[in-house]
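Following the hints, put chain H in place on chain C, whose structure we already have.
Each chain, letter by letter, is given below.
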Amino acid sequence: MTDNTANVLKMRKKRRMREMSFQTLITVITIIFVLLAFIPIFLMLFLSLKSQSQFYANLWALPIPPRWQNYNAAWNQLIRNMVNSVVTVSVGTLLIVSLAAMSGYVFARLEFPLKNFLFMLMLALMMIPGVLTLTPSFKLIQRIGLKNTWWALWLPWASGGQVMGMYLCRTFISNQPASLFESARIDGATEFKAFFYIALPLAKPILATLVVMNMISLYGDFIWPLLVIESNTKQVISVAIQTYSSATGMTDYGAMIAGFVMATVPLVIMFSFSSRLYIEGITSGAVKA
Amino acid sequence: MALKKTRAAALNTVNDKPENAGQTAGNTNRVTLVIAVVLVLAVIAATVVHVYAHEQTNIFGFVEYGASLQNNRILVSDELDMVYLGTYQNNVLAFTREGDPVWSSDIGAAIGAMQFDSHKQLLIVGSQNRNVYVYNALNGEILHTYPVNGKVRDMDYNPVNGQLLVAAEASATSSTIYILDIDSGEELFSTKLKQPAQGAGFSRDYQYIFYGDSRGRVTKLDLNGDKVADSKARTEVVALSVVHETGDVLVLDKLGNLFKFDESLNELYKLELEGEGKALGASYDGHWIAAGTREGDIYILDGSGKIHFRDRQNYDITQVYFGEDISYVVTLSPELFEFSTRKLDNINYMSNLSTWSLIALIACALAAAAALIVTFPRSRDLAKRFFKSIYRHRVAYLMLMPSIVLILIFNYYNVFQALYYAFTDWSLATRTMREINFIGFDNFIKIFKEGYFLLGVKNLVIMMVASFVKLLTVPLLLAELVFAMRTLSGESSRRRYWFRLLLVMPMVVPGVVSTLMWKNIYDPNIGALNTLLKTVHLDSWTHSWLGNPDTALGAIIFMGFPFVNSFAFLVYYGGLINIPADLFEAARVDGSTPLWNFFHIHLPLISPQLKMLIITTFIGSVQDYGGVYLLTQGGPGTATYVPGLELYYAATKFGQYGYACAMGLLMFIVILIGSLVNLRMKTQELN
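These protein sequences, in sequence, are chains C and H. Taking our numbering, I'd label the letters of the first sequence as residues 1072 to 1360. Taking our numbering, I'd label the letters of the second sequence as residues 18 to 704.
Chain C with its partners taken away, still in its complex shape (with noise of 0.2 Å):
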């Protein structure tokens, strides 16, 4: 009996320990990953405050003195684009996940005449490349007179950006149960009032997410902006970024550093406050074909 009790107890401190062990070996492993995945972020904030001269001394010494003018010299170049970056993309992301919502709500809860081809066209718009469209797109916006203004990232954004989006919002607000739309309707409230104060403050995570992604990726893309915004003043900050880099890749990599470190502190600032949400609304389960 005792003896059978001790070989229990053996057994599951072994069983402890092994799951000890595989517990402390994928740690390590994962710490191993987050490390290196963090190593450009270090490597940035660390060269950023280097001068052009202890770039080529050593550049694993620590940068004493720091260099804080490097971030003078990025701030005064770049503002005026980080600023534009901060505008045009709130505006173009707030635009995707309000259509986004409204026609993931409409082809989720209601059924209506021609439901089913609107629904394909929408969705077929996630096999068009981008690249097919990019000449006409170009052209289209040249000869409607958008041209240089902020209206011509915005519109083709919107479009583009809300297919995603609705097919997300879609599966989201279906899974929502249907009995609460039901009780809603009985109590009188209308399609947009159910809407309103039933599915979108239940679809928080996944617009969360759309809220993320989209500014992620609007605020990254710089194909686009370079050609339809000419004057610097109006010019988003992925393609001021390059410009700034290309003209102090040479002379100051100090510098250069210091405006990739300012290009993502929006980012940083949009993430920390949506960060639980996004993370929520991803691993929800929505994100699936």
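Calculated from the structure, these hints are not laboratory results. Watch out, some of these pointers could steer you wrong.
Listed below are several chain C residues computed to face chain H (Cβ distance under 10 Å; list not exhaustive) [what the hints assert, rightly or not]:
{"no.": "1", "residue": "Y1127"}
{"no.": "2", "residue": "E1262"}
{"no.": "3", "residue": "L1338"}
{"no.": "4", "residue": "Y1349"}
{"no.": "5", "residue": "S1355"}
Coverage of chain H stretches by chain C, computed from C-beta distances (three or more under 8 Å per stretch; other residues unrestricted) [to be verified]:
{"no.": "6", "segment": "411–417"}
{"no.": "7", "segment": "492–499"}
{"no.": "8", "segment": "531–544"}
{"no.": "9", "segment": "578–592"}
{"no.": "10", "segment": "667–681"}
{"no.": "11", "segment": "685–695"}
Ideal placement from N, C-alpha and C gives every residue a C-beta, glycine not left out.
Positioned in the frame of chain C, the structure of chain H alone reads:
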């Protein structure tokens, strides 16, 4: 009995007012039928009016003489009843009004301008061989030859004292404006300009000279050569014309902008015409203005700048000549047109009539269709049901409206444009949309012949395979690792939360920034990679990573190491945590191993996520060129060229729009096939 009843009802309906008739469905509504018939008659009438008015606006008639030559200038003498043609093929031809040739002369160079002295019966011809010839207008005898310093671009003539104004272009940076005495050839005035003057003319009182130059300036000189006034067109002036009666100055520039200035060169108005400006003419009283473009468009405007008539010919318009009765349009071809100057007065009315009759036609046709629909019970019911259904589902349609409208304008419109342009020669050299030619599959043949696109395909395949490997290994591994983290009691651990956050955080670095940062890491001199290799004394391993054709592609693929794709990681992870726990429970009871779990539970249950990631990665990587564009621009040589980059260059740098569309179409087909195959494969697996 029943029959009687229905008949009574029918009678009732007919006698009733229309709205009552509408309510008793099932009967033909005679009132609307009558309306429909009337409307159909109106449609017919409108069509007749439209066709007639349209015909009346068609004022041009072909002129037979001068056929087979590229005509450049025309001049008509009403006194002698003669027509003179100056051609681009070095001839001066004289015809009677009836078209019988009288004389001809070959002067060995294209004719730049012609003037006429009706009193002395002289034809004055300015040629591109730097001579001004004075002909006897009746027999073609050359009376004088006056050399000028440059190709003659434009001339004007003062018949009172026989002074000839000549604008001669010596080179791209110099030209001269002369005034010659026509009898002696004496140079009365000359001034040198630093730019070619394309158009020149005397003022109404012959006391001033106007000229327009290639910088887009319009200048008024007095006869001492002093500038009195000047003004600006948008670009290079191609023609200048002074209205004899009012003294206003008309200027056409290369972008098709038409300006009207008063005598002191104050701008009266400006108009934008479509096409590249080429020729300009004005009637003697300034009542009519005509402008021609290089694309063959001809515009006829009234003095206030309102366009009354517009037509298109096949060739460059070289001159519009206003005669007293007959006016001529000269094209750089055998095609010479005449039109009656008087008919122009009518044209405005007729073109209005044509437009309004067309509008009336459409409106009547629609109304007739509506009336017919209301007339018959079955169609009436259908229409009613249609509108009712739309009204019932109005919320759905209203909420979808913005999305659909945007998509139609900014996506589908462009998609169809691209499909069409892929088969055309649309390029930077195309001046107007109407000049685009359909060229069948030439663009596609070019894709396979020219090689850059195909060269890119090899790199693309390598990069795509790499991105699939990257997608299917590290993020999945990390998702499994984080998913496996639990406390000793088997509950999910706090570590999960933190690692999840840490692994997602790197994605806040914008793509452009992280790419540029990697470019810095690869820098041969101060880059972190080479420095690291030197620090560990592997100097021989250092490379100019992006500058060496052997390593450039590898360097681009390696960018982003260790390939923690935050989005894919989260999606995988989301798939894993959504697997019902009882599945694992059941598997554990059956004595499963972790490996068995992975292949038989994890993979099948996250296959929807896998499918989504694979499709999006596929679509993304076929058209991706952002990284290559930022890092190497396809170089060194073509070591990192990808099809998307070739498309981008064709659409931007090289301006081969049609070709770019063809490449886009090809890539779309590849993506479509790939996606369909992918979708099919997975559904089979799931079943």
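#### Entry: Cut-off 10 Å, beta-carbon criterion: hint that S1355 (chain C) touches chain H
For S1355 (chain C), the interface hint holds, since the closest Cβ of chain H sits about 6 Å away, which is under 10 Å.
### Message
Between the segment 411–417 of chain H and chain C, are there enough contacts, at least three residues with CB-CB distance under 8 Å, for the coverage claim to hold?
### Response
holds (count 5)
### Annotated coverage of the segment 531–544 of chain H by chain C, confirmed only when three residues or more have a Cβ within 8 Å
holds (count 8)
### Message
Using a Cβ cutoff of 8 Å, are there at least 3 residues of the segment 685–695 of chain H near chain C, or does the coverage claim fail?
### Response
holds (count 4)
### Message
Under 8 Å between beta-carbons, do enough residues of the segment 578–592 of chain H, three at least, approach chain C for the coverage claim to hold?
### Response
n = 9 at 8 Å, threshold three: holds.
### Query
Against chain H, with CB atoms and a cut of 10 Å, does the hint on L1338 (chain C) hold up?
Holds. Min distance 4 Å.
### Task
May I ask you to test the interface hint for Y1127 (chain C) with respect to chain H, counting a Cβ-Cβ separation under 10 Å as satisfied?
Constraint on Y1127 (chain C) satisfied, holds at 6 Å.
### Message
Under 8 Å between beta-carbons, do enough residues of the segment 667–681 of chain H, three at least, approach chain C for the coverage claim to hold?
### Response
holds (count 7)
### Task
Between the segment 492–499 of chain H and chain C, see if three or more residues pass the 8 Å beta-carbon test, and mark the coverage as holds or violated.
holds (count 3)
### Task
Please verify that hint: Y1349 (chain C), Cβ, nearest Cβ of chain H, below 10 Å or not.
8 Å, holds
### Restraint satisfaction for E1262 (chain C) [CB to CB of chain H, less than 10 Å]
4 Å, holds
The structure is consistent with each of the numbered hints, conforming to all of them.
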